[in-house]
Amino acid sequence: SSSSSSSSSSSTTTTTTKRMSRPELTGHASLFYDAREAKKYDSSSRMVGIQREITERAIELLKLDGRGTVDGHGRGSFRPSLVLDVGCGSGLSGQVLEEHGHVWLGCDVSRDMLNVANERMEHKREEAAAASHDNGGGSDDEDDEFDDDDDQDADDDPSMPDENNGTRRRRRPSPPTGDLLHHDMGTGLPFRPATFDACISISALQWLCYSNTRDQFPKKRLMRFFSSLYVVLRRGARAVLQFYPETAEHAILISECAARVGFAGGIVVDYPNSTKAKKHYLTTKGGVCVADDVDPRRAGGKSAGGKRGEKAPRKRKGVGKTKEWILHKKETQRKKGKDTRMDTKYTGRKRPTRF
Amino acid sequence: MRLLTHNFLRSNVKGTENGYPLIIEVTTVRCEESPVDKEFLLGLIPKVDYSALRSAVRHMGPHCDPPLPDLPEVLPSAVGDVPSLDDATISILHRVLFDVYLVEGYLVCPDTGRKFPVKDGIPNMILHEDEI
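Residue numbers (the UniProt record's numbering), protein chains in the order written: chain A, 83 to 437; chain B, 1 to 132.
Hint data in this document are derived by calculation from the structure and do not stem from the laboratory.
Every residue gets a Cβ at the ideal spot worked out from N, C-alpha and C, and that includes glycine.
Where hints are given, some of them may not hold.
[Unchecked claim] Derived lysine-lysine pairs resembling DSS-like cross-links, with alpha carbons at most 25 Å apart:
| id | chain 1 | residue 1 | chain 2 | residue 2 |
| --- | --- | --- | --- | --- |
| 1 | A | K145 | A | K122 |
| 2 | A | K358 | A | K121 |
| 3 | B | K14 | A | K420 |
| 4 | A | K122 | B | K119 |
| 5 | A | K302 | A | K121 |
| 6 | B | K47 | A | K145 |
[What the hints assert, rightly or not] With the C-beta cut set under 7 Å, the calculated list includes, among others, these residues of chain A facing chain B:
| id | residue |
| --- | --- |
| 7 | P162 |
| 8 | L196 |
| 9 | P257 |
| 10 | D261 |
| 11 | L263 |
| 12 | F273 |
| 13 | D425 |
| 14 | T426 |
[What the hints assert, rightly or not] Coverage of chain B stretches by chain A, computed from C-beta distances (three or more under 8 Å per stretch; other residues unrestricted):
| id | stretch |
| --- | --- |
| 15 | 38-51 |
| 16 | 86-93 |
| 17 | 116-122 |
Only chain A is shown next, with the shape it has when bound in the complex:
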């Protein structure tokens, strides 16, 4: 769920000036997107257009199986995917996912945004019910004008069956396929492992780069989000996360955190020359670059640890774990509530030298 204004102010990517036009700086997302802002966001045709365009592009970057099977098993056999939409906001991205025939599950911190999404789905449900009574296929192709944009940057996906999309849309009477969840992504996603076929997130990730209270640490929240995302995604599933980094450091921080938990991939930048239309997409895939029998999550952790390890041997020469170090360590463990042996005269005592 993005910032109505952050898209207009994505020009801030290079400057660090704090502007009020970045809603991330004003406080928590659920406070910024109140009922009024949510309504405004959803009814602004410009915002809707931008969101739609970004979502279309994100779906294209996902390269879902459904598309691949089109030529494999004949044109008809399209398999919908189960997509997680992180920061779904008022459900604009979910609507596009629906048009592509996917089943989605959205979560967002702003209850007011979710209420708008809920209203829309309610409305759609009624429409679908009415349509099924009339038995007339609802062939609404109001979004065709946006498909034209795709052709410009559809460089890596020639199999994209545009006309097939059209027929699919017409065939479905389209009751809403989504479901909503009120949740903060910074606290880790509450799902069973290996659930989703894909994940998209439109203009939401940058919220994690800011701390709104004293006990929120951006890096911690990002790590929590990415590690839970890794678990929640099915093996080899892609995640495309579009975000507006305020500074280059934010972009680096985000991609670093993603790499650390084991995601492979990088940031795709669309329209890099334009300050306004520039869009960052973190495109990642879980568990590809590592051999099958290795748990990529661990491997990611190890390699990250390995970097630290390179420096360690030089330092460690001659310096063992001193008594002070051990006492300090035990104290911290105790503070964490862990089971720790009491300190005695034997703690940290030197062992007798053997011959």
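Model the placement of chain B on the given structure of chain A, informed by the hints.
Below, chain B without anything else, positioned relative to chain A:
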């Protein structure tokens, strides 16, 4: 909230070991009909935790109109990775997974007893900073 969503949800409050499946406390339920997508459903079945679904249906069943039928104890054995199911079972599964919504009520974490309220069909899974 659909039962499909419920099937994927788990509690991640601090101190939970498994946090799954969440116990449903029902206040209001809504039923809608939607077209059956057989192929998608078959693809979905391997991902669904069947015993969790059964217990969810037992919680929700009596509140629906007409009441939900009890699901068969075990699904017919899988052929390859796609279970072979007859049309009657498929339509029941579809109804249970897609057409029944929990509108008001609570989801309760089985380990910690933390209650997640569901309002207007949207479960609130927000955690406080001390619950992480």
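Each hint, compared with the structure:
1. K145(A) / K122(A): Between K145(A) and K122(A) the Cα gap is close to 32 Å, so the pair fails against 25 Å, i.e. violated.
2. K358(A) / K121(A): The hint holds at about 24 Å.
3. K14(B) / K420(A): holds, 15 Å
4. K122(A) / K119(B): holds, 23 Å
5. K302(A) / K121(A): Violated, because 32 Å separates the two Cα atoms, which is more than 25 Å.
6. K47(B) / K145(A): Cα-Cα ~21 Å, so holds.
7. P162: At about 5 Å, which falls below the 7 Å cut-off, the nearest Cβ of chain B leaves the hint on P162(A) intact, so it holds.
8. L196: holds, 5 Å
9. P257: Because about 5 Å separates P257(A) from the closest Cβ in chain B, which is inside the 7 Å limit, the hint holds.
10. D261: holds, 4 Å
11. L263: Since the shortest Cβ distance to chain B is 6 Å, the answer is holds.
12. F273: With a closest approach of 5 Å, the F273(A) hint holds.
13. D425: Constraint on D425(A) not satisfied, violated at 28 Å.
14. T426: T426(A) check fails; min Cβ-Cβ to chain B is 31 Å, beyond 7 Å.
15. 38-51: holds (count 6)
16. 86-93: Contact hint for the stretch 86-93 of chain B vs chain A: violated, 0 residues under 8 Å.
17. 116-122: holds (count 3)
When each numbered hint is compared with the structure, violations occur for hints 1, 5, 13, 14, 16.
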